[in-house]
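Residue 5 is where the sequence shown starts when you use my numbering, and the numbers rise one by one after that.
In short, the hints are calculated from the structure, not lab data. Quantities reported herein were computed from a predicted structural model and do not represent experimental measurements. There's no promise every hint is true.
As the list claims (entries may be wrong) - Beta-carbon label-pair distances, calculated as ranges:
| # | residue 1 | residue 2 | range |
| --- | --- | --- | --- |
| 1 | T521 | Q243 | 55 to 61 Å |
| 2 | Q719 | K453 | 51 to 57 Å |
| 3 | G356 | R133 | 28 to 34 Å |
Claimed, not checked - Derived PhoX-like pairs: lysine-lysine, alpha-carbon spacing no greater than 20 Å straight-line:
| # | residue 1 | residue 2 |
| --- | --- | --- |
| 4 | K328 | K347 |
| 5 | K408 | K440 |
| 6 | K453 | K435 |
| 7 | K159 | K128 |
| 8 | K122 | K71 |
| 9 | K331 | K352 |
Every residue, glycine too, gets a C-beta built ideally from N, C-alpha and C.
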Amino acid sequence: MEEEAAGGGGGGGGAGCIVVVGDRSSFVTGLIENRAKEVGVAAFDLRSASLHLSQYIETSCSYQNTKTLLHFYDPMVVIVPPNKTAADGMVGVSELVDKNYPSNKKVTMARGCFDDTKGAVMVKNLSARDPSALGLDTYCKQYYLCLAAASATIKWIESEKGVIITNHSLSVTFNGSFDHMNIDSTSVQTLEIIDPLHTELWGTSNKKKSLFQMLKTTKTTGGSRLLRANLLQPLKDIQTINTRLDCLDELVSNEELFFGLTQGLRKFPKESDKVLCHFCFKPKKVTDEVLKPANGRKSQLLISDIIVLKTALDAIPFLSKVLKGAKSFLLQNIYQTVCENPKYASMKKRIGDVIDEDVVHSRAPFVACTQQCFAIKAGIDGLLDVARRSFCDTSEAIHNLATKYREEFNMPNLKIPYNNRLGFYFIIPQKDITEKLPNKFIQVVRHGKNVHCSSFELASLNVRNKSAAAECFLRTELCLEGLINEIREDIAILTMLAEVLCLLDMIVNSFAYTISTKPVDRYTRPEFTDNGPMAINAGRHPILESLHTDFVPNNIFLSEASNMVLVMGPNMSGKSTYLQQICLIVILAQIGCYVPAQFASLRVVDRIFTRIGTGDNVENNSSTFMTEMKETAFIMQNVSSKSLVVVDELGRATSSTDGLAIAWSCCEHLLSLKAYTVFATHMEGLSELATMYPNVKILHFEVDLRNNRLDFKFQLKDGVRRVPHYGLLLARVAGLPASVIDTATSITSRITEQEMVRMDANCEQYRSLEMAYQAVQRLICLKYSNQGDDYIREALQDLKESYAAGARGEVKVLEEIRAVSKELASWSREIIGDLRKRIKHVKAEQEEDRKGVVTEASLWKEQVLCYRMERVEEQWDTHWKQRVWSHGCKMVIGTPLIFIRWHRMGKNTIQ
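Could you build all of it, start to finish, from the sequences and the hints given here?
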């Protein structure tokens, strides 16, 4: 015998026979498509009594948009028509469901059930909002497919669940998915929004969490589900985002309000949101079915729902007291619409006329059962009073039996617990059993250090006790029938209360609590603009910063004049973490939460696209490169000017020439669309994009090379920083022959020299255009700055002068830098060439040694010469930088652009 984990007081939908357990999915989803690649989706949430309708054109043959929606809803049932009607080359929604869901989740309904005309009538009658506010006249024509899906979905719910949905009780939203930021299912996985890719961290006992798991400190199931929905579909409306941020400002600055709301939300039962919305459903038959013994459990759930509703209404006065002095618009609006709404007080009075005022919601099974039996006031129903006395007598007899067994068998620690499935049973510690357990005990099961059992006497009393309780439940349900009908007349206020509780739970117990656990000033409020730049100063990864105390923050700046950033650096330098960090900060900001940064100004993003990670897909017969191309094709087909595109390597799984060509052309396509793009790559050839396109900026992660070892700084710097042959260093460590490494080094040097010549030509050709773009970028920053008129006027004057000076001195500076670089390159080649000849001479001496043994002297000579060669390279690098800087490399509009251009030469030029 095992105890049930769930308490008896947890409401489960007795109001309409719909039971949704814990965090289990509560969505029923209908899908239908036509031959024009249009897909209609209707998602009915049984927990919140809401209907979400979407209709869109499927641009991907793999139905990526539909997969994203299904991943968001995570439906318990998917309803589809029987025949495939997809366009040529498309798999069809029916086949899509077969591939991604087990057969018991798929329901096929006749095509006649997908009737858009009946769907429009149903939505009009069931919606809590006024039909004119919904604009059904327009939606009937525009969203006919999703209305057809709604018709089939509602029919299935009413027939399968045996309920009737109350008129004007549903929260209906049209095109709900695309009123929010869209994140495809692949990006959800790679960004670790809901589940982490790797939970274990080597060398530490910490567990890596996803963003959802980090924020999941909500106290209610509804709050947790709302948090998940917001992370998967963040907001796009700036006004709504700022309203949440204003509320969060007040909670962070006012501790009394924060702790008051935390305490007030605890007074509401955990299942409040689910129970309140279940009054939207009513059983089809009441009079005959309610008298059957099999429906005792249904009656119990109905009573539990009423008790939860009474407890929630009793908690509103305390919430009103806390919110009375609130200043933010969101909290004031909650106070006016909920706390000052007389309908809640009226409903509480009607419930108080029937329900005993001492009855409270409880999760302890027997306490909850007792509260449900005594929910109705005494004297209302005579038969109910008789059943209560029988229930009390049998309960008392069971406890007396336990006392008798303790004395008779000398078991002072014998306990008599209760759960909903088994009723009462005995728990005896094994240490109290000296010999064999007496024969009176039956159904003996060992459970840890205890023994669970029963007896014939207890089983008999259990039957009588359950029968009496069931009679109490049935009589109570008959007494509550009139009260429930009155409650359903004001069902809209219960739906609103449920939404308010979920929202408060998310903002107070998740957002504000998470910020309160961080050091002061670690999180900041983000700012939003319609078309301004994305500027994040000292941004940090919200998940990894809690695992690493020395996490290094980094910046990002993207604008219309600089909408692509190429991030370069060796493996393990921090590129992937940086890309993920940017996306998570944007998501946090657009759900209305503070972000881990010193400053953040963002443009609202409509979609986030990611191409991160490598791996084949054997199930779909896709190689690593094909999988990569499919993901890239989806991005290219759906990206817009307001999208954020994050790419971590592209074209690495095929030939270097084709890979570079594909990566280059994809970058050019994204540049033309003006989407904000962050592109991490190892391909040095892509850095030439910055010489031809002034809106491309190159960044690198700082790495020091010491004793042929890479020292990672994880700090982002401007320009190209070529760590010389980090791939060859790793190859040497792996054990490749020295001759192979030398040949590879020579080949790399020749290729690099050719690239530098080409980049030099591009630099001169597009220099004037680049200066213009830099001036535009500076103007954009001034446009969205918060500085005064005097500062902006002075900055514009400086911009004018620096631009004019840069244009006049451009040719002269370039000639000086070219002369200096040629001089230094010639000097370094002579010295390093001499050192290499001497090293070869030493090796020849070693080979001519008569005994075949290398002497210590020759080894020492080789080591000294190699060390001197490394020192010369380092000195050349330092000397080169100083000479270039001293020969007139000036700051052009805030950025040392010429220095960045020539710094690309690096050490590779002299090898």
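Status of each hint after checking the structure:
1. The supplied range of 55 to 61 Å is broken by T521 and Q243, whose beta-carbon atoms lie about 29 Å from each other.
2. Taken as a hint, the range 51 to 57 Å holds for the pair Q719 and K453, whose Cβ atoms sit roughly 56 Å apart.
3. With their beta carbons about 30 Å apart, G356 and R133 fall inside the hinted range of 28 to 34 Å.
4. This hinted pair checks out: K328 and K347 have alpha carbons roughly 18 Å apart, not beyond 20 Å.
5. For the hint pairing K408 with K440, the CA-to-CA distance comes to about 19 Å; that is within 20 Å, so the pair holds.
6. At roughly 8 Å between alpha-carbon atoms, K453 and K435 fall within 20 Å of each other, so this suggested pair holds.
7. Our distance criterion of 20 Å between C-alpha atoms is met by K159 and K128, whose separation comes to about 15 Å.
8. For the suggested pair K122 and K71, the alpha carbons sit about 27 Å apart, so the restraint of at most 20 Å is broken.
9. The straight-line distance between the Cα atoms of K331 and K352 is roughly 28 Å, outside the 20 Å bound, and the hint therefore fails.
Of the numbered hints stated above, those contradicted by the structure are hints 1, 8 and 9, listed in ascending order.
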